[in-house]
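K.L.:
Single-letter residue listing:
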Amino acid sequence: MNDNSIDHYRRRFLKNAGVTAASAVGGVQLINFANAKSDDQAVADSVRWGMLVDTSKCATDCTACVDSCNEEHGLELFDRPESDVQWIRKVELQNKSTGHQVSLPMLCQHCENPPCVDVCPTGASFKRDDGVVLVNKHTCIGCRYCVMACPYLARSFVHENLENQRSWSPRGKGTVESCNFCVHRVDKGEQPACVVGCQSDGHKALLFGDLNDPDSEISNRANTISSRELRADLSLNTAVRYEGL
Amino acid sequence: MPPIRYSRVVGKSKSYFMFLFSLCALALSGLVAAHFMDTNGHHVTGMTNRVVWGLPHVFAIFLIVGASGCLNIASIGTVFGRQDYKPLGRLSALVSIALLIGGLCVLVLDLGRPDRLIIAMTHFNFKSIFAWNILLYVGFLLIVVVYLWFMMEPRMKIYSRKVGVFAFVWRFILTTGTGSIFGFLVARKSYDTAILAPLFIVLSLVIGSAIFILAHSAIMRFGERPLRVPLISKICKLLALFLCLLFYMTLVQHLSFSYATERHGVEKFILAEGGIYTFLFWGVQILIGTLLPLIVFLVPYFNRLSFLLMGCCMVLLGGFAQLYVIIIGGQAYPLEIFPGYIVEDGFFSHSIAAYVPTIPELFLGVGGIALVVILVMMVIRILPFVEESSSSSVH
Amino acid sequence: MGRFITTFGSFLLVMICMTSELVTANNTGNIALGIDDQCVEPTDYMRRYHMDVLLHQRDETVLKGIRTKKHSLVGCINCHTKQDGHGQNIPINDEGQFCESCHTYAAVKIDCFQCHRSTPDIEVANDE
Numbered sequence: 001m002n003d004n005s006i007d008h009y010r011r012r013f014l015k016n017a018g019v020t021a022a023s024a025v026g027g028v029q030l031i032n033f034a035n036a037k038s039d040d041q042a043v044a045d046s047v048r049w050g051m052l053v054d055t056s057k058c059a060t061d062c063t064a065c066v067d068s069c070n071e072e073h074g075l076e077l078f079d080r081p082e083s084d085v086q087w088i089r090k091v092e093l094q095n096k097s098t099g100h101q102v103s104l105p106m107l108c109q110h111c112e113n114p115p116c117v118d119v120c121p122t123g124a125s126f127k128r129d130d131g132v133v134l135v136n137k138h139t140c141i142g143c144r145y146c147v148m149a150c151p152y153l154a155r156s157f158v159h160e161n162l163e164n165q166r167s168w169s170p171r172g173k174g175t176v177e178s179c180n181f182c183v184h185r186v187d188k189g190e191q192p193a194c195v196v197g198c199q200s201d202g203h204k205a206l207l208f209g210d211l212n213d214p215d216s217e218i219s220n221r222a223n224t225i226s227s228r229e230l231r232a233d234l235s236l237n238t239a240v241r242y243e244g245l
Numbered sequence: 001m002p003p004i005r006y007s008r009v010v011g012k013s014k015s016y017f018m019f020l021f022s023l024c025a026l027a028l029s030g031l032v033a034a035h036f037m038d039t040n041g042h043h044v045t046g047m048t049n050r051v052v053w054g055l056p057h058v059f060a061i062f063l064i065v066g067a068s069g070c071l072n073i074a075s076i077g078t079v080f081g082r083q084d085y086k087p088l089g090r091l092s093a094l095v096s097i098a099l100l101i102g103g104l105c106v107l108v109l110d111l112g113r114p115d116r117l118i119i120a121m122t123h124f125n126f127k128s129i130f131a132w133n134i135l136l137y138v139g140f141l142l143i144v145v146v147y148l149w150f151m152m153e154p155r156m157k158i159y160s161r162k163v164g165v166f167a168f169v170w171r172f173i174l175t176t177g178t179g180s181i182f183g184f185l186v187a188r189k190s191y192d193t194a195i196l197a198p199l200f201i202v203l204s205l206v207i208g209s210a211i212f213i214l215a216h217s218a219i220m221r222f223g224e225r226p227l228r229v230p231l232i233s234k235i236c237k238l239l240a241l242f243l244c245l246l247f248y249m250t251l252v253q254h255l256s257f258s259y260a261t262e263r264h265g266v267e268k269f270i271l272a273e274g275g276i277y278t279f280l281f282w283g284v285q286i287l288i289g290t291l292l293p294l295i296v297f298l299v300p301y302f303n304r305l306s307f308l309l310m311g312c313c314m315v316l317l318g319g320f321a322q323l324y325v326i327i328i329g330g331q332a333y334p335l336e337i338f339p340g341y342i343v344e345d346g347f348f349s350h351s352i353a354a355y356v357p358t359i360p361e362l363f364l365g366v367g368g369i370a371l372v373v374i375l376v377m378m379v380i381r382i383l384p385f386v387e388e389s390s391s392s393s394v395h
Numbered sequence: 001m002g003r004f005i006t007t008f009g010s011f012l013l014v015m016i017c018m019t020s021e022l023v024t025a026n027n028t029g030n031i032a033l034g035i036d037d038q039c040v041e042p043t044d045y046m047r048r049y050h051m052d053v054l055l056h057q058r059d060e061t062v063l064k065g066i067r068t069k070k071h072s073l074v075g076c077i078n079c080h081t082k083q084d085g086h087g088q089n090i091p092i093n094d095e096g097q098f099c100e101s102c103h104t105y106a107a108v109k110i111d112c113f114q115c116h117r118s119t120p121d122i123e124v125a126n127d128e
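Chains as they are written, first to last, in the numbering used here: chain A, 1 to 245; chain B, 1 to 395; chain C, 1 to 128.
Hints should not be assumed to be uniformly reliable.
Here are the computed lysine-lysine pairs in the PhoX-like style, where the Cα-Cα straight-line distance is at most 20 Å [claimed, not checked]:
| # | chain 1 | residue 1 | chain 2 | residue 2 |
| --- | --- | --- | --- | --- |
| 1 | A | K127 | A | K37 |
| 2 | B | K268 | A | K96 |
| 3 | C | K69 | A | K127 |
Computed footprint of chain B on chain A, listed as stretches where at least three residues anywhere in the stretch have a Cβ under 8 Å from a Cβ of chain B [stated by the list, open to error]:
| # | segment |
| --- | --- |
| 4 | 77 to 87 |
| 5 | 157 to 168 |
Don't read these hints as lab results, they were simulated from the structure.
Even for Gly, the Cβ is constructed at its ideal location relative to N, Cα and C.
Full structure from sequences and hints, please.
P.N.:
Quick look at the structure:
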């Protein structure tokens, strides 16, 4: 048994190395950043991760981003919509005056001045140097104050005992969680699952990248095409911006 | 003025022990409920991702806010020098401590990870008003213990005024902090207002005074001590003043909210279309909790102990309802992320959230109240907190 | 009398220390030996400091995004998990398995696995 497990992990290691090498050459599935940081490097504030949502490309009956996120993080749903977890949700809007209809994904906006970080009593809700806002579940006491404080209803409290979590996305009962821009992928130079899901579904409504890099695709696009923050009057300077809204 | 004599209240009757036993059963059921919620997760409660703070929090904040206000009776004696209030000082401080402990227990037991209380006591984010509250509550406990010590120890009596003033100021900061928990929430139109801080201060005076009157009267009657009804009547007049102030704060809150177009939605919800919340606001908070008690306290016909005590009970119901409307009604109303749009999503994030309290939550809250009463009964049994006779000056 | 107490007391103390040494010396835990039959750190070091290693690593990873593999919890689980008769991974915190075999004796409760997966994530092998 032990030999099998050793071989299994040796095989897996070699396979991963091979896949990485192949994708470095081919570069089809993996969209790597030019300067992906190495494992032992800390994140720095020279980078600010952001997302641009083109609502004109977001399809009404499509939930690719939600499905990819749920799959990636092993988000189990219990058919209780009011207490089920959601890291990203699809929202359908209709303007009351003009009747204009729009569809968009709603997720943690990764604000520069996050109210959820301000109110957390233990500092578990925090902002990483590269702008990603997430919950340190080791110090979260489950008080849910951040859930009340979030202007976007982005936070969820885990109401049940969980099992079979993904090894890269630990989550458990009694703590609060929200979209973390798939930091386990981003730190390796990959894209968040929702972005990959949207792209494979053909809509390409989500664009993720470094807002601090003037040459990145997202910076160039945000520079040329008008986009806005949600609830901009709160002066939170969100990292997620919406076009066509 | 002849020195006041205090002594222990040692109950011996069968009904005393039956009462104590039922309180212990209630407190125990609260613990069992908390364990049930902790083991299974909060899906067994009525709390959801929309209404994350429910009935236990209403109980907890009711008790905590009451703790702050209850000490006011002692402050009137120590800080403001009113001689007729002085005999009440020890009991006031004791009930205040018990209320705070009970409220904190309910609050902590409802945490998602109550086993991480140590983390809450050692990791502080000082931008969080919640973190400040933790420090303020613990500090309050210590200060009131010292205050009690100074009140009870003849050699320290000369310093009791200094501690009294310190406790008075600390109370104001503490209750401002509690109100600011909601006042600082920029995200919600039902909160995000400075008025909640002074509103909570006045609410604390209302709830605390009412609880004290009831506790004091019960202890004196069941402890077979003479109860000075004129003094109770005087405290009730003070309570009436606090009620008027509370009504004023509530009026200003709702008037200013109703003036701003952006808050019309939430105001219409609370004042007219909110179902249970509208009923609690008008029927319980305003009618039973403010108008009727004011009549009882101010109209001379009702100046009898039974009416006064009933008035205090009505005040407490109104205070509880006010907190329920603020805490739960405030969460039930959806966030306005897309003003001017009709919004639909699979998580019902833009509709009025339904919240139905469940049995475990009720037991946890009531268990906290039971704990408060047990603490008071046990401490007055072993230490001299209650004055013995009406030999002290009274008019 | 005093001397008796001192002697007996120190004897008792020595016995307790020896016992715990013996127990941990004999109790290697239910260790599924990892790659190259060796842990990332020497056994004695791990016995003494694994909690500090884990606590430090978790802060590095969560707060700073440092994802070195050597001290990662996922690494521990990948090596130290055993399989049952059918080749299925047994949760590492199950009774008699790697963590519990020492932790039950030491009466130190661990709550890692309320959130962390307790078996290797096989899908990692199939992951892109």
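K.L.:
State for each hint whether it applies.
P.N.:
Going down the list of hints, with the structure as the test:
no. : hint           : verdict
1   : A:K127 - A:K37 : holds, 18 Å
2   : B:K268 - A:K96 : holds, 19 Å
3   : C:K69 - A:K127 : violated, 23 Å
4   : 77 to 87       : holds (count 8)
5   : 157 to 168     : holds (count 5)
In this structure, the one hint that does not hold is number 3.
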